[in-house]
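Modelling step: build the complete structure from the supplied sequences, incorporating the hints.
Each chain, letter by letter, is given below.
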Amino acid sequence: MIDSLKRIVKAVGLPRLTIVLFLVALLVIGYVNRLPIPMLLSNSLVRVGMNGIMVLAMVPSVQSGAGLNFGLPIGIIAGLIGMLVVMEFKIGGFLGLAIALLIACVLGVASGYVYGLILNRVRGQEMMIGTYAGFSIVSAMCMFWILAPFKNPEMIWVISGKGLRTTLPVSDSLTQILDKSWEFPIFGIKVPTGLLLTFALACVLLGVFNQTKLGISMRMAGANPAFAMSCGINVDKMRILGTVLSIALGAMGMVIYCQSLGLVQLYRAPLMMAFPAVAAVLIGGASARKATVWNAVLGTVLFQTLLTIALPVTRSVIEGDISEVAKTIISNGMILYALTRKEGDG
Amino acid sequence: MRKRFQLKGGFSAADLLRQNAVPILFLFMCILGVIVSGQNIRYIAQELVSRLARNWFLVLSLIIPVTAGLGLNFAIVLGAMAGQVGLIVATHYKIPGLLGLSVAVVLSVPIAVLLGISVGHVLNLARGREMITSMMLGFFANGLYLLVFLFMVGTVIPVDNPEIMLDSGVGLRGTIELKYCKYALDNLLKVRLFGVNIPVATFGVVIALCLGIRWLYKTKLGQELRAVGQDMAVASVAGINVDRTRITAMVMSTVLASIGQIIFLQNMGVINTFNSHEQIGTVAIASILVGGASVTSATVGHGLAGTLLFQLLFIVSPSAGQRLMGNAQVGEFFRVFIGYGIIAVALLIHSWERKVSLESASRQSALKGQAKATGNM
Amino acid sequence: MGERVLEIRNVSKCYGDNPVLSQVSLSLNRGEIHALVGENGAGKSTLMNILFGMPVIHETGGFTGEIWVNGNKAEFKSPREAMEAGIGMVHQEFMLLPGFSVAENVKLNREPTRPNLISKAAGPKLESLDSGKMGLDTRQALDRIEMDVDEWLPLVGMPVGHRQFIEIAREIDKTDLSLLVLDEPTAVLTETEASSLLAILKKLAESGVSALFISHRLDEVFEIADTITVLRDGEVVCTVPKKEARVETIAEMMVGRKLGSLRTGGSGRIHGNEHVLEVKNLSVDMPGEHVDNVSFSVRRGEIFGIGGLAGHGKLGIANGLMGLHRSSGTVVCDGEEIPLNDPKAALEAGLVLLSEDRRGVGLLLDESIENNIAMPGIVGRNRFVKRLGPLPISIEDRKSIRQHACEMISLLDIKCTGPGQAVRRLSGGNQQKVCVAKAITMEPKVLLVSEPTRGIDVGAKERVLNVIRKLNEEEGITVVMTSSELAELRSMCDRIAIMYNGKIQGILSPDASDAEFGFCMAGGGGMASD
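Chains as they are written, first to last, in the working numbering: chain V, 1 to 346; chain R, 347 to 723; chain G, 724 to 1253.
Read the hints as simulated data drawn from the structure, not as lab findings. Please read all numbers here as calculations on a predicted model, not as lab measurements. Misleading hints may appear alongside valid ones.
Think about it this way: if two alpha-carbon atoms lie no more than 20 angstroms apart in a straight line, the pair counts; the simulated SDA-like pairs of lysine to any residue are [what the hints assert, rightly or not]:
(1) Lys1109/G <-> Thr212/V
(2) Lys843/G <-> Lys536/R
(3) Lys237/V <-> Pro1066/G
(4) Lys796/G <-> Phe786/G
(5) Lys213/V <-> Pro1066/G
(6) Lys213/V <-> Ile1116/G
(7) Lys90/V <-> Ser173/V
(8) Lys162/V <-> Met671/R
(9) Lys237/V <-> Asn1064/G
(10) Lys1067/G <-> Ala226/V
(11) Lys843/G <-> Tyr563/R
(12) Lys564/R <-> Lys856/G
(13) Lys1067/G <-> Thr1053/G
(14) Lys848/G <-> Met578/R
(15) Lys1109/G <-> Gln176/V
(16) Lys800/G <-> Asn587/R
(17) Lys1168/G <-> Ile1116/G
(18) Lys440/R <-> Pro504/R
(19) Lys536/R <-> Ser396/R
(20) Lys190/V <-> Gln176/V
(21) Lys213/V <-> Glu1071/G
(22) Lys151/V <-> Gly161/V
(23) Lys180/V <-> Pro169/V
(24) Lys1067/G <-> Met229/V
(25) Lys566/R <-> Ser750/G
(26) Lys440/R <-> Arg560/R
(27) Lys237/V <-> Asn210/V
(28) Lys566/R <-> Lys796/G
(29) Lys897/G <-> Gly855/G
(30) Lys800/G <-> Gly822/G
(31) Lys10/V <-> Arg1148/G
(32) Lys767/G <-> Trp791/G
(33) Lys327/V <-> Leu493/R
(34) Lys151/V <-> Met671/R
(35) Lys800/G <-> Ser582/R
(36) Lys327/V <-> Phe620/R
(37) Lys848/G <-> Arg560/R
Shown next, in the form of structure tokens:
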């Protein structure tokens, strides 16, 4: 009995088991306290769709051997620029979204390439360098936001007539454009079909890529560089490819995130955004050396549902907004847990 | 003979310049900043003196872990938290002046020791990834800190003191004024020199710490710290308990950071309960790097000089930004960028150097193999 | 010769199911220099780890047998205890700190200290270093080995040779040193340095310090040793006084089992004299296995063997041909020149390597058996792919991968729970079979096999060799086989090249005499014998 229990714990993984149990407990408390469970579930669906692609961005980076991408803010900045450009020119609707995604993707690929070149020279230190590369870019961009030549009066400070505001509302025709597509209610849960389909599409595309020759080469380079080299694979190129994919996914993920949130948050807002994404993929069962699309999906669902449900439930029990604190503790704790395990362990 | 001469007398001007490229670069930036900002020199000097008194001790708390091979200790944030706990308690009980500070130190040191031991254990589990782990530890501990002081004070921990707590009776205020021990150390002995107030007692404490660190490196423990820092395997074969030595280094650093934070806050006069400690790690680490330290070597000199340059840049950059770009905020963001940027660059240089040394090590072993093969000539 | 300093009695040790030492016995008298020779993997380092009480031994279940030091039974739990019992070690990897001065290194963790006010309260760790005494002691030790270097200079920038002497100085500075263990001490030294080191060892021996001297260099061994013990596959092959030993016999004993059946029934296999692989002036910069300007050619359908002692470059050839280590020269395969330093080009030309570093290079340990077998084939040979519906994208074909893996599992008799099992969980022999399956899948024209039986059990050895033989005989695949086991080479190959000092010393027929092989391996007569 205890043995089989141990086996289950081992198969599912202690972190996931804990979180699932915690989630169930939260739902029970929520139900007892008569919280609107369907609304909570709708919210968590939206949050899964919003954050999913940025979590997915961790997968190619890990698979190619470049490790967890703590430099995600580089991609996030690319995504923000994409959004800002369409907002500046007041392009709305799906065209606006498409242009924003395109700009994000192009900038993401370009910056990902440069970042990949750097990472190839700092093997073994990717996480630390990535973190501070991200921090540096975010703080450098703070200066850019002030000086950038944006003219749209809705975006710049009223008084000085210069510099982007901290929080910019996305135009109505762009706000939640994906969330609202084919949205339908079921058991009182609103399903943001378009948003979820976009996430699903990204997952499928990455999944298919993983099965192509190039994808397999990339995964081999990550799993064992010496092995890959002996199979005629250029390991450095594959690491760059993984980094480019990761940063580009992060950039496009940010566009999706912004349209869903209806806000573009600048300045210090992107600073810590890599950590929840890293934590989510780890919660999904990935490690710094191994990650799958499935890890990203599972991790996003568990983590985001937990955060959405934890907020109102705890509020009904304790006073004050504990959700940000919970997010900090869970995501950083998860990363710590992963860091202190021996290499090679799941 | 020639070799020995080179080893002993290799101090050319070019070498000196190269070895100190970073501080020299920053010195120029500072001078430029001072000129551009057009600020009153006396104002700058006063501001600088009080910032040095505030920051030096904290920055120096980074040195020991670097020596012991643990890299830049981002987990001094935990020490800072311990210091804050001590000060908050002292303020709660309204203990005034130097006595209040002493109580704060006495309370925070045991907390810091415990935290240091845990940090040391965690870092021993994460060999080769110490810096990122210490950084994540800082973030994680911050979450726990928030949990305790936002949600548990007033509920689980029975405290009732409207002076430091929110009106709801749960959680601490965002800012707590240190009415009772503000400037307690600074005002102990103050000298006015060229119109600048100098907190001699605070500097005295810093000097004592510098001498203490110097002395430590002349003891058996210091020798062990240095040995472990250079090569854990060699130290271990020589019979040094590597794990224990590393934990000792973390404990010392954390304790020093907690005292440093108390000195910092008594000068500020106010605790930003939930932010004061957060930036400590980044600012202190950027400071020591500006002084020319690296991930593997840091000295008292690096700490002292780096803090001076970094704080000077801090003082002048907003108004320099205003003058140059027509926007003071640019200057403010610039100094944040410098903080992160210098850390990123230092880490880059470190891992490049490490790569080069690894390559030369493998060349050396290749040489060895070759030599082996040329055995019987 | 007087009293026994060290006696090792019937020591055996297993790592898991793998025996690495069995019934090893060895003894040393005061003032004796005893040489321990053997190939890599013969068990020398394990024996040293046991002697020094390294934690790795206890963590893996300890050992059986007894060790007596100076007449007392020793059970060292840590290197420190061995040190206190009077054993000193000069490591192959320098155990020195480059940032420390000579004196600090010599006195590491044995620093003389003086109590001070604070240490009286806080403990001896805070006692001040007595640098005067540190310098003085170090000077004495350095003088004993006639080394004229400033004891306060840092090690950084010192020539490699100096460091070896500093290691020795550190050991003799330890009081009561009765036995000095040296692991390949001359490997990094120049000739003059090496000879002065040997002279110092002799002097130390005269003063009563015994030495256990581990080396590959037989000339040195013969110069200074009083007794020679040959270790092979974890067993003592023989212990002889130097006076009775000959260089060739020792070399031969290091590498081969005496008995080894010759290859039988292979005469009809060589299809003419056509050369499938021609190698000219190949030099390979592989750490520890340097190849220096080697030329040879391999006939179609032949099994060409490469042998030699460790460190003489036999492993470098296959790795250089595959482009895994920097190399120069000309390689022609089937009339077409293969660009060097380009693994992809080598693969496309039909060269496939079965690497000697199975776990490091040969396998993806955390991947399944089927993926290990198929992934290189997908990437390198475009096998196991299918179209994704009507799209012009080809993706892996899981069905054919599974099918192929199952075929390989039954062909090679891989013991596993199924094709989805992670390779990490397999035994060494079965891992090697997966490597063979992987190589077969790559459809090699020339198969480069390096140390195919290293570290696997006897049954699996036979099966792996049989498969290689079968591939050669039935599929007509040309094989270049590198091995440190001479018997294995002789049972498999048509011709055997013996490497010495990065060059081919001779190409012998498998039925050449043991003496001939020994002669080549020891440098072919260039060696001084007494």
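Check your understanding: Hint numbers the structure violates, sorted upward?
Key -> Hints 2, 15, 17, 25, 26, 28 and 30 are the ones this structure does not satisfy, whereas the remaining hints hold.
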